[in-house]
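**Q** Those letters in the sequence shown? Residues 1 to 195, by the working numbering.
Calculated from the structure, these hints are not laboratory results. Computed from a prediction, not measured in an experiment: that's the story for all the values here. A portion of the hints provided could be inaccurate.
Calculated pairs, EDC-like style, for lysine to aspartate or glutamate (alpha carbon to alpha carbon, straight line, at most 20 Å) [what the hints assert, rightly or not]: (1) K149 <-> D32; (2) K46 <-> D32; (3) K48 <-> E77; (4) K81 <-> E56; (5) K37 <-> E56; (6) K149 <-> E77; (7) K166 <-> E115; (8) K81 <-> E34.
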Amino acid sequence: MKIVGLTGGIGSGKTTVAKQFQALGIPVYIADDEAKKLMNRSKIIKRKLKALFGDEAYKDNTLNRPFLADKIFNNAENLKKMNAVVHPKVASHFKNWLKKQIAPYVLKESAILFENGAYKDCDLIITVTAPLELRKKRLLKRDNTTLEKIQAIINNQWSDESKISKSHFVITNKDLEETKQQVQLTHNKIVNLIA
Numbered sequence: 001m002k003i004v005g006l007t008g009g010i011g012s013g014k015t016t017v018a019k020q021f022q023a024l025g026i027p028v029y030i031a032d033d034e035a036k037k038l039m040n041r042s043k044i045i046k047r048k049l050k051a052l053f054g055d056e057a058y059k060d061n062t063l064n065r066p067f068l069a070d071k072i073f074n075n076a077e078n079l080k081k082m083n084a085v086v087h088p089k090v091a092s093h094f095k096n097w098l099k100k101q102i103a104p105y106v107l108k109e110s111a112i113l114f115e116n117g118a119y120k121d122c123d124l125i126i127t128v129t130a131p132l133e134l135r136k137k138r139l140l141k142r143d144n145t146t147l148e149k150i151q152a153i154i155n156n157q158w159s160d161e162s163k164i165s166k167s168h169f170v171i172t173n174k175d176l177e178e179t180k181q182q183v184q185l186t187h188n189k190i191v192n193l194i195a
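Take the sequences, apply the hints, and build the full model.
**A** In structure tokens:
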């Protein structure tokens, strides 16, 4: 089973692209969603995050996301520590998920595929891009956040240029119809490559 990594900067539209691959029958693993679930479910992660950031990391036994976001997004060291706790668990969860899939390939969607080294486990990589202003506009609408917070997240991610240089495919997500066509084309190329 081939693993195709799907990445892109925050607000580029990775989830939109992932759903379009799903519509073509490709199983999709959204690493960020699974990480959030594991951060709420795993006793080991809870214990380690509380040890790192204090009891405030959880509120009513649920991850205190605003508190954690404040702790990590302007502090590269804290972000690194949190990733060291969460990412090994996500990697192991992904391996178990992978065993249950039946398809020519699967997509592993992760915003920080390169940053956390997960790209090394992928056979092919797709980077989703979109103009920076459009990404910021989408995020302001979606996340009820500030431009300052968006910029802090962008600063912690690899640039599009760096991601593209290590990718096999690039999908530009500006217009939904065009994006669908690019997804179909990329899917066809991947199927041909792995046949």
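**Q** Out of the numbered hints, which ones does the structure contradict?
**A** Per hint list: zero violations.
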